[in-house]
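**Student:** So you can see what is in the structure, the chains are spelled out below.
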Amino acid sequence: MSADTALAAPRRHQPIDRGSSIGLLLVALPVLLLAWLIVYPIFSAVVGTIFVRGPDGATDLTFASYRFFFTDGYSLANLWMTLWTTAVCGTLLLAIGFPIALYLRFSQGRLAAYVQALAIFPMFVPSIILAYALIRTVGPNGTVDLLLNAVGLPKLRTPYLTPWGPVIGLVWDNLPLTVLMLTAGLSSVSNSAVEAARDVGARPLRVFVSIILPRMGNSMLVTASFAVLGIFSAFTLPYVLGPASPEMMGPFMQRTFADMNDPLDAMTQAVITFGFCLVFGIFYIRSIARNREARP
Amino acid sequence: MSAGGSRITLRFDWVGLVFACLLTLLIALPLIVVGTWAFTEIWRYPSVIPQQFGLRFWGQTLARPDVWDALFLSLRLTTTVTFLSAVICLPAAYAFARLRFPGRNILFLSFLASHAFPKFGLLVAIAGIFLQLGLISTFWGVVLIQLVGTLMLMIWIPVAAFQNVDRRMEEAARDAGAAPLRVFWSITLPQAAPTISAALLLTFVGTFYETEGAWLIGAPGIRSMPVLMISFINNQIVVQYGAVLSVMLWVPSFIALMFARRVIGTGAFARGFGA
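Chains A and B supply the protein sequences, listed in that same order.
Residue numbers for the first sequence follow the working numbering, so the first one is 538 and each next one is one higher.
Residue numbers for the second sequence follow the working numbering, so the first one is 935 and each next one is one higher.
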């Protein structure tokens, strides 16, 4: 049950030319939708922020909105905050997800099934409900405060409305896909390779460094790319849990677009977001393309 | 998952126990807290458990007209999006799975590639176009933006479903003289149906909770359920309203998703994302 086997050879006795026109007809609608609502907006955002229509109606080539973004202290603070959050979340996700994935790969039984179920669970919790739950748990006078107070420990400073609020939420939210993708990557490490290394007396750490890590490079990079793409322009969790200023790019773009009523600056911010994610996006596409070629 | 060998299985699974306890604390605690708040009438600060349990706030929440408006609007939006998505994507999925046509690989890949852009940046770019078309703060504007979000899932899961149909049965039916449409209706569709219905369910639930597009495109005219939740959180009115809504909305969707996961299998999620 996977889409990897997707493009196997079609039936032989189907007349090729008839199938080809019917096939194109059937995929036309979603492809047009994709072109209109994903490809065209991206080009339109890039072109529309460079060729700006002036007050006299003439269209000029200008980088003014970009110059403004990169000289405006507040915009730069937001960008910096987004980069910081993305880096911290990415690191935490790999640091938490990797041990769980390793454990799941090499163990079985009820406890492993329970750990897997819990690690995947956040996938079924919508981020808006998660945001609400985290406010009640780690927010002021939340459950963590109650429990610390009950055992006589001092209050911790609440991460709610600080940069750590979104970090907690985003790590929670992205953990399932990280664990799933790393587990899928680990399944390409063959049992026999690990057992062979163990038989010649390699310790677990040595097995990890010499056998597992070299085979995991690609899948770690895909996992990290996917996490970065999701976190860099996250909206709901930073908007609800994060500080009002500086804010992450997601809430910043939303406020610029809707509250400040400034679509040009919002588009500029969107294009800058695309630019920062470009490397990860290209890596992600290259990797799914290669995966597809590699499999039958 | 059995590379551990006999050396490992003889020992008690301490690592597993540590993971299980930590994850229970970190994953389950926030949800238990919300569940408790939903059935709480009085919970003042230093007490670890609420002073008074009760259902009073369920009555109050359900008596609010804005809750019902948002619920019906959300159901209308979600039904429309899921229906349109199925009509548009399922024939395409069949074509990708079975027919040969020029550009098939590259087009299929382009649906997966749409995830290579940061989502909210893309939404802002789309919003810029909707602004010129006058689609901001309209029902159909939100439908369109949510429809884009469903395309990938609604294509690649059904593609796999059509691929897994037993070809020999189709050939047999053809040899017995059945017309292509009849073969599709009686052989192909019934076999692919469980997976396709799981994809529909996932799309429905995912769209129901879609917050970002609805907030960016829908505001201020279209207030769907997640948008209402955000305003409950922002305005800090009675704590229990948010908790009651969370429990009420989340439990049915959770049951639906567990069902879908059983059909699709967890690994397929990861593989679909390129792992």
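Simulated from the structure, these hints should not be mistaken for laboratory data.
Incorrect hints may have been included.
Partial pick of chain B residues on the chain A-facing surface, computed with a CB cut under 10 Å [said to hold, decoys possible]:
{"hint": "1", "residue": "L965"}
{"hint": "2", "residue": "A1061"}
{"hint": "3", "residue": "R1157"}
Per the computed footprint, the stretches of chain A lying under chain B, defined by three or more beta-carbons under 8 Å from a beta-carbon of chain B, are [said to hold, decoys possible]:
{"hint": "4", "segment": "596-608"}
{"hint": "5", "segment": "741-753"}
{"hint": "6", "segment": "788-794"}
The beta carbon of each residue, even a glycine, is placed where N, CA and C say it ideally should be.
**Student:** Taking the hints in turn, state whether each one holds.
**Tutor:** Hints, verified against the model:
1. L965: 6 Å, holds
2. A1061: Since chain A brings a Cβ to about 6 Å from B:A1061, closer than 10 Å, the hint holds.
3. R1157: With a minimum Cβ separation of about 13 Å from chain A (threshold 10 Å), the hint on B:R1157 is violated.
4. 596-608: violated (count 0)
5. 741-753: violated (count 0)
6. 788-794: holds (count 3)
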